[in-house]
Each structure stands twice: as structure tokens, then as C-alpha cells.
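Once you've looked at the hints, dock chains B and C against the given chain A.
Protein chains in written order, with numbering that gives the first Met the number 0: chain A, 0 to 349; chain B, 0 to 517; chain C, 0 to 356.
None of these hints come from the bench; they were simulated from the model.
Hints may contain errors.
As the list claims (entries may be wrong) - Lysine to aspartate or glutamate pairs mimicking DMTMM-like chemistry, simulated, CA-CA at most 25 Å apart:
hint : chain 1 : residue 1 : chain 2 : residue 2
1    : C       : Lys207    : B       : Glu398
2    : C       : Lys232    : B       : Asp311
3    : C       : Lys351    : B       : Glu58
4    : B       : Lys81     : B       : Glu68
5    : B       : Lys312    : A       : Glu346
6    : C       : Lys207    : B       : Asp353
7    : A       : Lys237    : B       : Asp78
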Amino acid sequence: MKTEQKTAKTLGAKKMNSNTLLLIITIVLFVVMYAAGCVVYASKGFTHVQTFLNILNNNAGLVCVACGMTCVMLTGGIDISVGSLIAMDCMLLAWGTGKGYSAIVMCALVIIIGLVFGFVQGFCVGYLNIQPFIVTMAGMFFARGMTAVISTDQLSITQDTSALFYGWANAKIQLPAFLGYVNGKGKVQIPYIRVSVVVALAVLILIFLVLRYTKFGRSLYAVGGSEQSAAMMGLDVKKAKLKAYVLSSFLCSIGGICYCLNTMSGSVSQATGLEMDAIASCVIGGTLLTGGVGNVFGSFFGVLINGTISSLVKTNGKLASSWPNILTAVLLCFFIVLQSVFARIKEKNK
Amino acid sequence: MENNIALTMRGICMTFPGVKALDHVDFTLRKGEIHALMGENGAGKSTLIKCLTGINDFEAGEIRVAGVEGPVKNHSTLDAQKVGISTVYQEVNLCPNLSVAENLYIGREPMTKLHTIDRAAMFKKAAELTERLDIKVDVTQNLENYSLAVQQMIAIARAVDMDCKVLILDEPTSSLDDTEVEKLFQMMRSLRDSGVGIVFVTHFLEQVYAVCDRITVLRNGTLVGEYPVAELPRVKLVAAMMGKDFDDLAAIKPEGNVSCEGSPMEIEANELGHKGTIKPFDLKIHKGEVIGLTGLLGSGRSELARTIYGADKATSGKLKVSDKDVKINQPLDAMNLGMGMLPDDRKAEGIIGDLSVRENIILALQAKRGMFHQLSREKQNEIADRYIDLVQIKTASRETPIKQLSGGNQQKAILARWLATDPDFLILDEPTRGIDIGTKTEIQKLIVQLAAEGKSVMFISSEIEEMLRTCNRMVVLRDGAKVGELDGELTQERVMAAIAGGSDTNAATAQAGGVTHG
Amino acid sequence: MDKLKKLSKQQLFLPIMCVLLVLAVNIVYDVSQGSPFYNFFRITIENGVLSGRLISIINRGSEVAILAIGMTLVVSASGGTDISVGSVMSLCASFCCMLIAGFGVSSVSSADEFACPLIVGLLGALLMGCVCGAFNGALVAYLNIQPMVATLILWSAARAIGLLLCNNLIVYIRVPEYGIFGGYIGFMPTPIIIAAVCVLIVSIVLKKTAMGMYVQAVGINKKAARIAGLNSKRIIFMCYFLCGVCAAIAGIVNSSRITSADSNNIGLNMELDAILAVALGGNSLGGGRFNLAGSIIGAYTIQAITTTMYNLGVSSAVSPVFKAVVVIVIVAIQSQPLQNWIRKHRAHAADKEAAKA
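Okay, chain A solo, but in the shape it has when bound:
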């Protein structure tokens, strides 16, 4: 009797999967937040399209990192080395271009280092069965330390050291003028996005396709859902985990390049706490910490929410700079507890 009722209900109305529900919550939260900002800070220019575009411009690197983090979290793991890896990448780029090496060579080097870094971490997690947290924490301190090895000073990339990089960083891709606004001086401000945003969006779409349409992508979901079952169904669990961490560090490197295009410098204390932002973005975006459930678009909206909070605080101008951190942590806490409660309810209904 129970079975018949359940199947009839599910056949009739398309029952919403829990994944979709969480994604909707995230999108609604973003819209509400942004709308609130527009209402409260209309006088400070929050309603301009450029404000939204700036969120993208400032967080392109984070978007790439969040995509990689989503993949790793799908397997039930975590990667807290991302912030430090970005710092190392920026420092490398600044140092390399300072020494006269071509920007393209340095970018290639950064990506290769990312791949190797991810391989080592992935091997420790997948094949040596070490807790992901410990492995990536070691990775975090390793990368942070290596950043200092390269240089303890803050290095900058200027037009002199690398004209190419400088060019990329300052390039503006302009959007239709009607989306712009007229500033106080009577000049029309045409909205623009940076090159890094295009890269980030491309990464986003690519990872979405990989997660949905490739065997590798689906294997990540399977491993996160039930490692034992995945193994029984013939999937190579160890390899899947290894690949996930390689992908994460690879995307992190790309994110590092985007981040550097933004900051145009490298320093030892750069990107501290970025891993928290990435994890928070993913969790808020509906990725379960226990693995098996997640969506890069959700993570993207998580980044947008993160960026909106920063933007709101900056626009307010009176709040201390540590507020975004606290608010993000509060949101993260809320969503973690929410996930835990959802899981409990599911257990009871079984």
C-alpha cells in the first residue's frame, strides 16, 4: 500500500529533488539580498548595472576556485589549500614577470604547478586514504610557506615589467551603453567586464558540462553518494578522487591568474581566507559537505552572495572591514546546520 501511494505520487507530479530545492533557496537569497541593497543604497549608486558587474569583476578568481571546490566536495572531501595556492601563483607571476620572463610562460608554469600540486594531494587522499582535511591543510601551509620563499616583500606587476599582463588586466569588455548611467559630471559610464570574467564564465560552463555529461563527472557524484556502492558498481573510486583534486588545483591556478589580473601584485598575506569564501560559496550554493549533492551554478550564486555582502558593506562605508567575514561565516553556519537538519529529517522518514 505504501509503495503504491509513493510511486503514484511521484509519477503524477514531478517531485522536486532536494538538490533543486537548495538551488532555489540560494537564488532567492541572492535576489532578496541584492534587491534589498538596491532599495537601501539606491542613493549610493547600488542600482547601477556596473555594481553587479563589479561583483563579477572582483570575484572572477573565486568563481573558478568555487567550481573546483564543488568537484572536490562532491566526493565528500574538501580542499583548504586554495587560498595559499592562489597567493603562491600571484607571487610567482609577479616575481617571474619582474625577472623578465614572458607572462605566457609564467601562466603556463603556474598551471603546471597547479596540476602537480593537485596530483600530490589527490594521491594522498585517494590512494593513501589520508583525511582530505589534513592533506590540504598541509598543502595550505606548504604553499603559503613557498610564497614566502619566493619573496617576503610585496611584488607588483606594472606596465614596465609585463606589458602583456598589464594589457590583459586593464582590458575592458564593454557592454551596450544603454545599460550604463550618467555620472555626476555628466559623462556616460559604459558598463564593462574584465577578461577574467569571461574566463570564469567559460570555466563555469565547462565544468557544468563535465559534471553533467561525462563519465568522470557522474563518477564524482556516485563516489560522494556512496563510496562502497560506487566501488561495487565497478567505478574506480581512487582514481576519481585523484582526478577531483587535480581538477581543483588546476582550476585554482586558473583562478589564481584571474585573481592576479585583479590585484596585479603578489604578497605573502594575499588571499588569506579565500578558502573560506570558496567553501562558503559552495555550501550556500547547495553543495552538501557529506558529498554527492552539488551544482556549479549553485556555487556561482554562492559567490555572488558572497560578493554582494562585500559590496553592501563597502557601500555602507561605516562598517568595519571584518564584517563580510563574520557575515559569511554566519551564513555558512546557518547552511551547515540546515543541511544537518535536512539529513536528520531524511533519516527519520526512511
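Using the frame of chain A, we list chains B and C on its own:
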């Protein structure tokens, strides 16, 4: 190999350190047959299945599969799948977070020319498959939205779609209700009719008689026999599983068999139950009484004990201890009321592996005293030494980590743990499993002695003679519920008849003295 | 060979080996620099206080030792780590200094300027540690959230909240009464005394109560512990609570050392040191049996490594690289797959030997 045979296993031998798990076991599965594989704990059922599916490397013997040249030796579940052997386990080995279609096709999804997954084709094939097997699902929904019964059928569907000739169902019905079991049986019958050979590992007697064609019984690693279901009455089946020849039984005079009707009530359970494991039951236990729980594996014996003790918090009913209403939320509550329980799975719920023998023995006693009233080291040593001596625990010293002891000695140490708390009501779930004959007798004497001192004991054992020798009363369980009690003169025949139940045993039961239903 | 194997199975083998290694490096370096080989152990009295490299190590390692106490319990009971300890140190220190100086005040140079008595500030810090510990404990023990994730929240938030409490300033308490906790009592550095007292108290509690056994039992086999009457949730909660208190004490000591609350830098990266101390102490990071002495030795060893590297001219920003590698190597060796591989390799070699014979 003959044309109608799907699988033969001949002379399979398997040894684990110190134990011969399988001793020249034969097994034959015909095409288009549902074949039950039965046996008590330690009989070798799961070991045999693991040899077949490649998880265990058996030492001797031969496996042959229809359509495959030469003997087959699988080294992994993938190997087994390749020769057409698929297994569906009790814990459904699928991914609940993926859609039904994906669970059916993961690892072998239909691909497009671009080397990506062709989702449309996958959903279509999945819909066709479930349609063909009469499973009513929306293949795009996540698996977790469906009941366990449906999930199991999807697991079977996956196996079937991979062209299996031999389908092994390992205890598939343990968590299903009656209607779900019937749906499963329908699917099994239609598979059988299409020529698949099904091995049905189960301990539910009724289900075996409802759906199976043949039964193979194992006991202590050896083959007892293979019988067509129609020719094997229930009581003979029980006898075969428990190792007693029904015609040859003699009533064993119990050592301490005295009625305890007069003495005060220690435990009184009223409609006490735990959702999902044991249906509500009534039970009265007197002081100084030894009560035995009997029934086949899976009948709910351990579950009944756990519900009284609070290891599984009761979801219904009331409990009285020494005539006072009590509420037990956790084991410590039960302990404070004078109870103790030796669980049947000592590895998972008994020993604390890295702690020493001394620490394991005094643990429960310490828990009763509370964290801040530590037993002094001298007291701990004294208690530990006393019990090491009493139950003859073979250990290098009391500080040896308990995981280094043999299984039997570990069992004795956990028994000592509970004896040290001086309980008024002690539950012993399979206390003699894995213990040498000499100590088995010691333990039985101990039980009788405890009863003589006015304590109550609940004794669960697969060895009926032990219980007959020590118990005043027996409670009979079947399929997750208490079905009756036996008192007065307890004999093997009465007990086996009660366990077997069913229509063809009524005559035997009437002959043997009747069963009080409760 | 057998004797070495037997020795290596001893609980304190790993930490003691590491200490000896560090000592060896120091001695070699000293000799190469022309100093006498006992230079490392030389203790002198300068300006009325004990000084010398050895004293410096034990002094500066006090915070890590205190953190290691809490971390050991947390790892043992739950098989997870509390990575918020560094940030909680910062938060407690900030709260204490804010209470003493008053909100918004950035500098205090005499006891008259105290907004609250010193004792209130100290108690406030301890209270904050309790709150943080309770927060972590509730998430892990009662909501069943993975320890790494639950403590991630405070790892990021605590420092930020501390910054907020201090109005984004570094609060200076340039008063001898405050500096004493990080300074000297007579000739003895106070942090050493505080760390010793903490270790002593915890050791006594572990010895005189059944807490040690309870924590280990829960960490080794939660189910069996429950059947035997232990309240696993409460015990896990307690461990995280204590870890929070330890972080508060370490925060007070650290802040007193610099007589200020530098929210950005107090306790920075100390969580790695604490975890490393527990791992170096021979304790399994997966939970279960623990040895507090090992963790304490591990803590001072880590400090010794830091100091040694500094003396060898290695920048302090680079030491995390080294520590990271050490952690991975230790955990990798302890990992099950590697153990299996070594065992198989040894068995294979033994077979080859037997075949040859």
C-alpha cells in the same frame, strides 16, 4: 555440464585462521529455479557466496558456470559480473543521490559521438527496462525518493540488464513489509520463468516456502543436504539447520528446571516494542528465573533483549522493574536499575580493542560509579584479577590490549565486565559462541548459580541443549515477533516444533505438549 | 633489528626520536660554528632571569603545549581536529583587552586607566573560550557535523569578531600587571609556569578520574562504550569545551607576551602546530588511545624546530613548508594502505629469502 544447470560448485574449501569455514561444500543451481541457501550463524552461507562472487579466494574446489569454458575463479565482483553472476545485497548498493536511470547505467552509459553521456538515450533505455520488469518508477527521479523495496528492485534490474545468469539475493527481505515482499517475489518469479537462476539467501522460513523451488542447508561449514521444497516439511528443515535428527531426540533433563511462578516479579514488559526490529510484546520475568529466547537467526531475539535494555530505545509500551514503572532512554539507565547486557556482536559492541583487559573488565562498573569516582588502581587490579581467574581468561597480563586475545577470551572478558557490576538482571546474547566446551559448561553452571542467588537471567543461544539445561522457561520468536512461550517440561521436540510453526507441524506440536501463545 | 622493532612500538618512540634529531641538528650546527657542543643546553641568568636557547624553546613553546592538551582530547574522542584554536586564541585575547581597556580605547599605560579590573578581563577571556568550545562541541557531538567543518566556522569568524571587538585596532595594555603572564615571575618565565600548571592539572584529572578511559573508549568504539553505559555525546562535547578553554589560556599568555591584542597575528597558524604536536606525540589522528606526555613532548619539539630553523637563518615565514612536509610524512606512514604495502613487500621479501634457502 548439463543443459539445465546454471552453476555448479564442487568441493569448495575455505579456511580462516583457526577455523574451517567451508569443508568440501557442493552447490548446484539450475536454470529457471529459485534456490534457497540456509543455515544458522557461522554455517558458511556468506562465505560460500563470497567465494562465488570473488571476494574470497577459496583454497580447493571448482566452480563452473553455464556457457563458460573451464572452471571459473573470480577475483573480484567485476570478474563475477563478467561471467554472469550478479549479487544484490541487503544494504542496497546503489547511490541514493543519483537518478534511477543513472543507477541502472552508471559505468556503462550510452554515449554520444562526442564522447559525452547521451542522457536522453539513457532515460529511454531505463524506462524500457523498468517497464519490462514491471517496476513503476519515474526514471528521472533520484533513487532516494523511492522506498527500499523499489530500490532493491532497481538493484535487481541493473543486475538483470547486465545479462546475469545467476542472481544472488543476499537477505533482500529483512527490511521490507509484507506487500513489498510480495512485489519482490513477483519479480523473482518472472525472472525465474525467463531462465535466470536465483540464489535466495534468507532465514525467513515462511518466505522460503512461499517462493522457493529447492533448499540447500549448510551447518558448521558443511553441506547438510539439498532438498526440493515440496519434500521438506518445516520441522525437518529446522532440524537440518540446527543439526538434530528429529526422530532421534531424547528429552534432556534440565539441571535447574524449577517453576518460578511464586517468586516476585523482576521485569514486566507490556506491549514493549521497537519500530522496525521487534513487534510489541508482553513478557514477565521473575526473580531467580532463567528465561531463554529461542528462534531462528533473524527472528528478533537480540532485538527483544536490546529493547528491554535500552540499547534500542523502545518506541512503544511500558516497562516495570521490581514493580516500579521505569523509563529507559539509554543503557546507563538500565544499568542503574540493575541490568546488564552482553551483546552478541562482541567486535562491534563488546570490546574496546585498544584498551587493556583490565580496563575492559571494569568499564561498566566505572560507568555506574560515574566519571569522578574512579576505582583506585589497586581495586581495578583486584577486580580484574578476580574475574580473569573466575572465568579463566587466557591473557599474558591484565594490561594486554584486549584485541590481542583470542575471540573466546575476549568473550569471557566482556562477560566478566557484566559480572563485575553484580546485576539483578543479566542478558546474555550468545555468551558461549566461540568458546571451548569446558568453559561453555562453566558458563551454564554460572547462569544456574546466578539464578539460585535470586538474580534473573535472559539467555539467548543457538544451541538448544544449553538453554534446555539452564532455563525455566523459553520464549519463542519468529520473523520479528514473539509467538509464544514454553514452560513445564522443556524438550528439543517442543522447542523445534515451536520455532518451525506452520500447518504441517501442528500434529507434532500437539504431540509434544502444546505451545502457549502470547 | 628485532630490538629496534620492539623499541619502535613503544608509545613515546616517535616524539623522543624527533627531539633527539632536533638536538643533534643543533649540536652539529653549534660545533660547526665554533661554539662548544653543549651550547644548546647552556642556561645563564641575564638581567635577573633565566635565558639560553633551551629556556627560549620551553618558554615560547608554552602556548603550543597548552593547545596540545585540548587538541589531544579532541582528536582522541572524535577522530577529528579543532582548527579554530588559533582564531579562538585571538578572539579571547581581544575580548580580554577590550574589557580591560574599554571599547574603542587603543592604549592603556597604567592600572588607573582600566575600564574593568584585570581579573574581569581574564575571566572574560576564559568565558569566551568556553563559549567557543561549547559551540564547536554542540555542532560535533549533538548535530553530528564533521569536526573539520564545524570548527571551520570559528576558524574564519573568531578572528574577525575579535577585530571587531577591538574596533580594528591593536589594543595595547602597557601595564606590568598584565605583562606578567607572558613575562617573568622572579627568574622564571611565567608561560613555562602556566603551561606546567595546565599540564599538571589535566594529568591529575586524567589520573584521578575515569576521564582518560572514557575519552579513549568513546574514540575507539563509540557503540561498545554506549552499551557499557557511557554517554558518548557528552564526552565528545566536553573535549571540545576543554579545547576552547585551553585556547583561551594560550591566548591570554600570548597576548600578555606582547602586552597587546593584535587580532590579526595572535595564534596565527598555531592550529597546525597543535595538530602537528599531537601527531608527533605518537597519537593517531583517527582517534582512540592517546598519550598526553607524547603530545607535550611533540609541542616542545615543534617549537624547537621553529627555533632551530630561525637560528639556522631560515625565515620564519618559510617554516610552515617544513612543518607541512613533516605532517604529511608522519600521517602517510601511519596510513593503512602504506602499512599494507610495506607488510606485503616484507612478506614478499621473506618468501624470496625462504625460497633461496
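Exercise for the section: For the pair supplied as a hint, Lys232 of chain C and Asp311 of chain B, confirm whether the alpha-carbon distance does not exceed 25 Å. Expected result: 16 Å, holds
Handout entry: Restraint check for Lys81 of chain B with Glu68 of chain B, where alpha carbons must lie at most 25 Å apart
Key = Holds, because 13 Å separates the two Cα atoms, which is no more than 25 Å.
Handout entry: Straight-line alpha-carbon gap Lys237 of chain A to Asp78 of chain B, limit 25 Å
Key = 19 Å, holds
Exercise for the section: Compare the distance between the alpha carbons of Lys207 of chain C and Asp353 of chain B with 25 Å, and conclude whether the hinted pair is satisfied. Expected result: It holds: about 21 Å lies between the C-alpha atoms, which stays within 25 Å.
Exercise for the section: Starting from Lys207 of chain C, check that the Cα of Glu398 of chain B is at most 25 Å away, please. Expected result: 18 Å, holds
Exercise for the section: Take the C-alpha atoms of Lys351 of chain C and Glu58 of chain B, compute the straight-line distance between them, and say whether it is at most 25 Å. Expected result: 22 Å, holds
Exercise for the section: Would you mind confirming whether the straight-line C-alpha gap from Lys312 of chain B to Glu346 of chain A stays at or under 25 Å? Expected result: 16 Å, holds
The structure shown violates none of the earlier numbered hints.
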